[in-house]
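**Student:** First to last, the protein sequences are chains S and L. Be aware that the first sequence starts at 1, since it is given in the working numbering, and climbs by one per residue. Be aware that the second sequence starts at 1, since it is given in the working numbering, and climbs by one per residue.
Don't read these hints as lab results, they were simulated from the structure. Quick caveat, the model's predicted, so the values are computed rather than measured.
Straight-line C-alpha distance at most 16 Å; calculated EDC-like pairs for lysine to aspartate or glutamate:
1) Lys302/L to Glu41/S
2) Lys285/S to Asp70/L
3) Lys303/L to Glu205/L
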Amino acid sequence: MTHFTRLAFALAACAGFVAAQTSGPALGTYSRIKIHGKSLEGNLSKEPVDRDVSVYLPPSYQTQSNRRYPVVYLLHGYTNSDIGWFGPESRGSFVNGNTMTVAADRAFTSGGTKEFILVMPNAYTIYQGSMFSNSVTTGDWEGFIAKDVVEYMDSHYRTIPERASRGLAGHSMGGYGTVRIAAKYPQVFSSIYVLSACCLTANLSPNPQGSAKAEALKSPEDAKGAERGLATLLAEAAAWSPNPQNPPFYFDLPAKDGKLQPAVVAKWVANAPLAMIDQYATSLKTLRIGIDVGDKDNLATSNRELNRVLNSYGIQTIFEVYDGDHTNHIVDRMEKNVLPFFAKNLVSPN
Amino acid sequence: MTSSRLSFAIPIVCACSMAAIFSPGARSQNQTQNQTKAKGNNLIRPLADLEKDLKGKLERIRVHGKSLEDNLEGDAADRDVFVYLPPSYQSEPNRRYPVVYTLHGYGLHAEQWVGFANFASLEKDVTAGTAKEMILVSPDAFSLHNGSFYSNSRTTGDWETFLAVELTGYIDSHYRTLANRESRGLVGHSMGGYGTFRLGMKHPEVFSSLYSMSACCMLDTGEVTPAMTQLEAIKTKEDAGKLPFGQKSPLARAAAWSADPNNPPLFFDLPVKDGKPQPVIAAKWMANSLMVMLEQYAPNLKKMKAIQMNVGLQDALLETNRDMDQALTRAGVAHHFETFEGDHNGQVGLNFETKVLPYFSNQLAFKDAKK
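Hey, can you work out the whole structure from these sequences and the hints?
**Tutor:** See below:
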């Protein structure tokens, strides 16, 4: 499909029309909707609580009006957003027309993959990513994903509103979010796929220099356009060490005046999956789990460790280290591995 | 000291040694133990004595914990549970009651906790008009290393699910309870105070009111002390069994917080190995500390109708409880914090009678909301 027809198709879908295909197989329908995040209300970073959400409905959704579908919830990476995957602001492996929509169409029309709905909320924040955590400063992103978005989808679309038919997957920060949300909400999702997850390892001795740069900022507005290292620190502080009594940022940094703050470091540690998943082994054991990471990704070691720890608890996983780096094969992995994984594991009547 | 005397002294020594362990600056352990032993023997009312004047009924039942099955250290999955039924339970066969779940401290069995908290004081309160009739439940969480820490571990079992789901389910299906969160309270002392906060954080759908008495484990950094390093020599259950009581608590915490299914026969890792700190393991202990769990679970604690916490002014845990009080305030979690004249153990019975039972009588729903 050319870029032009894809665009026309997307416009038609947005306008609420069923796109008429003149030739070739029927394709899916993409739209970007808004979902109110009750769990995000009152967040101290003043993040918008009505979030943009990309929704992909599979090809048969328009033609089979009584059919219900499983849903896979997708979480994007840090500095990215839903339209970095679905377009138009495609990034990484999703560029050159190779959007998540196109990849899903290919997977679902090639005959091998059972159809389901894809949903990706925009988790881009003032500090370039929510970390999908639970914080009074950033908001309760765990609850937003596992409750607000799921409830909205179940009440506005023809979903199969059951755990057995719900999946969760994400890349990098989204892979991290996938692990922690599944650990805390095993009653909502039955299968998860973790791509190149970040933030797995606890850091007991972070570099105080990072905090010094953040301390120099006067207000959250100054953080706009911050370089990645600094922005990451701000995003993590907002997500993991919120402090409602410390305006205007409403968070504590792991170091103050060059000295590490052990109580804050401990809070960050407590948000590292390799420090906390032991507590959730019973939850994770109820899930089907896929994990993959590129061999040239410096996160390969920590993802191997995640897999090892899960296996040590008798938790079965599908684990693969493939030829690639942190971002260059994500759309391919989604099409050829992740979507088939969910097609196989999610319960679907058809 | 003979072994029989030692085992007799265990509950008292333990409940106190916790405080000693958590406060390096406290008096030497032997001194603390000797003093509390003498005092402590009076603190735990023997069951036979307690039952003598009881108008209600104290049942000892056994509840199977599916969530505890196959725990790697071999603790029993069938747990002793004490259930106190108030006098009217027999005479008014259609009446339903709120339930307060009570969690004992490290080193105690449920049986000793019933006498330590003194369940009989509920009847005194009811007569005086300061509390209402309710059901009290006390599950036994004594484990291989003297306490489960009410955590979720492959090595000790999933105590969170056992208590919040299985035990509450069992009590609701075998007794005339008001089976809803508005009528369920949770209280505990020391390790049980820790369990109270922990379960409250994870299961706000089950409990509506919490009371933490002198809670432990606010921030456990897995610091490598000489005592911790010495524990590296403990390789088997037999080794562990020979340890003096006051030295066992790190083993219990390792079993609860840093399980390792690949490390038999004790199935845990210590925050020290070959004398060197193990940051990965220390991180797991930190991740189980209430002060750091709080940020992630503040929304759940905010769902509580009421949260109360107390600590004695002479308790080594005073400062960490003050820290938690401030952290709760910072996080916007409504609660009340109270200090009292006393140490870690001396006021438990009095507080249970004059504070805890009246508190739950005020907070819990005594009528079925559905009717």
